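Those protein sequence lines, which keep their order, are chains L and A.
In terms of our numbering, the first sequence is numbered consecutively and its last residue is 404.
In terms of our numbering, the second sequence is numbered consecutively and its last residue is 1015.
To be clear, the hints were calculated from the coordinates, so they are not data collected in a lab.
One or more hints might be untrue.
Below are the EDC-like pairs computed for lysine to aspartate or glutamate, each with C-alpha atoms no more than 20 angstroms apart in a straight line [claimed, not checked]:
hint	chain 1	residue 1	chain 2	residue 2
1	A	LYS830	A	GLU919
2	L	LYS212	A	GLU931
3	L	LYS356	A	GLU848
4	L	LYS212	A	ASP586
5	L	LYS356	A	GLU919
6	A	LYS871	L	GLU97
7	L	LYS201	A	ASP586
8	L	LYS235	A	GLU919
Quick caveat: nothing in here was measured; it's all calculated off a predicted structure.
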Amino acid sequence: MSKLFERYKAVVFAFEDKDISPLNINYSKYLLRVVGKPIIDYVIGGLRNAKISEIYVLTDNERLSKYLTETWGEHFEENVMITPKNKLTDSIVELKELIGKVPQVILVNGELITDPSAYKFAIETYTTSGMDGVFLGVPVTDSETYVTLISEYGLVRDVLLPPESAKSSIAYGGVSILPVSILNYIANLNDIQLALKKIVKENRIIQAVWSKHWVLIQYPWDILTANRLLLSELKEKRISVNAKIAPSAVIEGPVIIEGEAIVDHNAVIKGPAYIGPGTLIGMGAFIREHSSIEEGAIVGAYSEVKRSSIQAGADISSWCFIGDSVVGVRATLGPKVITLNVLPSGVKISRLHPVKVKGRTLTKLGAIIGTSAKIGACTVLYPGAYVDAGEWIKPLSIVEGIIR
Amino acid sequence: MCGIIGITTEPGRIPEHPALVIRKGLERLEYRGYDSVGVASLLDNEIIVRKGKGKIREVNRRKHLDRVSGYTIIGHTRWATHGRPSDENAHPHTDCKGIIAVVHNGIIQNYLELREMLIKLGHKFKSETDTEVIAHLMEHFIDKGLSPYEAFKETIRNLKGSFALGVIVSYEKDKIFFARKDSPLIIGLGNGYNFIASDIPAFLEYTRRVVVVHDYEIGYITPTTVHLENILTGEVIDVKSRTRIIDWTPDMAAKGGYPHFMLKEIHEQPRALRDTIHGLGVEAEQAIKLIMNANRIFVTAAGTSFYAGLVGDFLLNSLAGYVTVPFIASEYSKYKNSVREGDVLIAISQSGETIDTLMALRQFKKNGAQVIAISNVVGSAIPRESDITVYTRAGPEIGVAATKTFTTQVMVLSWIAIKLAYYNGKIDKSTHDFMLKELYKIPELANRTLTMVEGEAKLIGGEMAYKQNAYYLGRGIGVPIALEGALKLKEIAYLHAEAYPAGESKHGPIALVEEGFPVMFVVVEDEMKKHLLGNIEEMRARGAYTLGVVSDEDKEAKKLLDKAIIVPYVDPLLSPMIYIIPLQLIAYYTAVKRGFDPDKPRNLAKTVTVE
């Protein structure tokens, strides 16, 4: 390919965030797993799928940069810039030199999980529209928690930041193709969202409305939403030949079981669910729909897991009930730990939608358990309980729900 | 909307005959318009024009478009805006001497003044189109001694409106001039040949290197070079830096940033409504006169158009004080003996070809009635056979489920009803002025509605996908809205949805309601609202899952409903154009969630031409 027709170049922003703590403490938000893959892999994979090979990542987490180099190839060593979120100027200048002279860049939010065709869709819309850029726009409720777009006849007129953003129900979908001058704005303003607000005033940018599945992982329960969306697209069972499934285990509906997983006697797995590599599903355990047990996690004998995300290396002992919860990386739960998952009526949590159960409207959220936390036997976790990373909770405790 | 294409090539550089390349390109642009088609070719300092009315295949059979000689050819597929579809009105248009040929997509707003001026100068016009003035104006400047490119530039400076243009001049060998403002235009770069076109798919088979022309840019292509400059600043643009490569087939190109045509058309409604209301003119006034002198008034249509007709029927009765008889077009035989001279039929059809409506129209004409047609396609069968036609200016609608044509039809009917109410003395001058002002605000309100409701509609669509049935209920003007909303859900999401006036519940349908049965209410802010609130209570008591479209000034219904979609407040009589938007979106997102293609519903055709 001649130099004239350089391919698109993408810049991925992957900064740590408080909203998802304690899951990202001593770890990285972008390495949390959703149905077997770290969040960042969805972005990089999607971009690669759209034939975009030059990808630059801005992050403030060394762990993430190491992961990218190990998994996605050595060129990431150069392409990952480590910089604090509020001191972007220097690294943007460096980034501009690396990118070279191109008319436009693709900006991607690292916390995006969506269908890979979204990237192609944005590029196609851009190439065929003749406008200066494109924003992926996604219809959402709870728009006050997102950055939203105000458009007029398809052209984006304004970008609204929370809490003002409630005025529009089209959220910025985390993918945009913008004139390269956006990098100057980011460097000058030291803020990505303000730069977006500025660039729409001076350029003609079109909105591409995206109707397939889409989640921005910003709150812990967004992981559960993403699990549910991805798992509900499963249509069939996929069980690795290297998985050990006891003859008396029951596997019902669409379930993925990866290699080296062990499903012990009388365990019941109801799809759609994901059982990662090297996991152990103990004797008589019950894994219910929309659960995702990530690599190396253990679900002890007679435990029940429902609509939860058990992150890599987490250890759940016997006789536990884990419902609508996120168990962080390498967290340990003693025997008979119970999460309660029905929020008191009247409590509203953004992006959490009530469900109708037998005629009653309930909002469900279990516990959010941080990285490497240890929870003693017979502890009861109230709905919406947070357990900090590395915290020890002694047996027989009661953890109240802290809803932020 | 029209489609234009042009190619200029060195002999033998493109693998197929250039005229065949043009014909194929035109076929791919057919979604932009298809009522007439034409090509013009440059051959030995002469311009050959072949054009005609009809679809590309038909015209090609008659005029052999793909056998025209020459290596510089422009082509056009038309969607009539000024002048009905006919052989004369088809593009390309030429000047008096036949040395200039023009293809044009867009609307020239100041064409009447230009036309008068040119006629005074002695130019002879052959068609009724706005485009022809471009050819004559350019001829005028060439006669003044300017070079063709300078003349072209001067012409562009004198045009107001929107355009994407392709122009050939007989003694400018191998050159196609182009210009763009507010209409799409793309350059395709080949090896020894270059293209211009309205859209990429037109030439994608031959090149993947494209340059998008921006507004106020002008230039020309030759087989090997591209000249591009900004007409306002005079700055010459480096084409190389603008070149993009299309890596894959852009089947979405035509959809302009939307995954389906239906969603695109839903989002186009603000623009379609604006164009429609600004396009209402003499014909609408004539239609009003006809209605005022009518003995009895009938309204007929089929499908979505019929529901638009029901809105018209409601407005004519409740606002303007005329008794009207609405009936479904296929049931026309009922009125065989009762219709007589002095009666007026309002026939509504998007395509103007709907056979049921056409048959009804013929029956009425036979009995001596006069006919007013409301249609979106200029010169189609129903407008041809009607006494007066008022056109909606929604542009071509590709999605089978009608969206923007419904709202624009309602727009036309509302305008007529408001005027009639005033002439009939039912409302005073100030109310009339106020209502018209409100009507002119509708496009802006529709835009706001789209911004407000889409997230909620997507969420509800996701829930509806798992239901089997639904009721849509309303009162007064809410009834046609409910009917249309239910039809959308049936058409594209294949959900059994039924609509009826809310007061009918107690007389039967409520027996079906059980735990979780979705019931959608259309809560319009009129005097019937309190009764509707009672109906909501009724449904709730039986465990129904109650949803509703409510205005942002509402206080009571929001509390009663399980889920309310809030739309901006609008005068109740004008509410259909706003309230239908969330219902269209719900149907769309339900279909997408259920995995169906909303653009191609099974068993349905866009235009029904069989009885």
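Comparing the hints with the structure gives:
Restraint check: the Cα-Cα separation between A:LYS830 and A:GLU919 comes to about 46 angstroms, which exceeds 20 angstroms; the hinted pair is violated. A hinted pair counts as satisfied when its Cα atoms are at most 20 angstroms apart, and L:LYS212 with A:GLU931 does not qualify at roughly 40 angstroms. Under the criterion of a C-alpha separation no larger than 20 angstroms, the hint pairing L:LYS356 with A:GLU848 is inconsistent with the structure, at around 37 angstroms. For a cut-off of 20 angstroms, the pair hint linking L:LYS212 to A:ASP586 is broken: about 30 angstroms separates their Cα positions.
Of the supplied pair hints, the one linking L:LYS356 and A:GLU919 holds, its CA atoms being roughly 11 angstroms apart against a limit of 20 angstroms. A threshold of 20 angstroms between alpha carbons decides the hint, and for A:LYS871 with L:GLU97 the separation of about 55 angstroms lies outside it, so the pair is violated. For a cut-off of 20 angstroms, the pair hint linking L:LYS201 to A:ASP586 stands: about 19 angstroms separates their Cα positions. About 29 angstroms separates the Cα atoms of L:LYS235 and A:GLU919, which puts this hinted pair outside 20 angstroms; it is violated.
In this structure, the earlier hints numbered 1, 2, 3, 4, 6 and 8 are contradicted, and the remaining ones agree with it.
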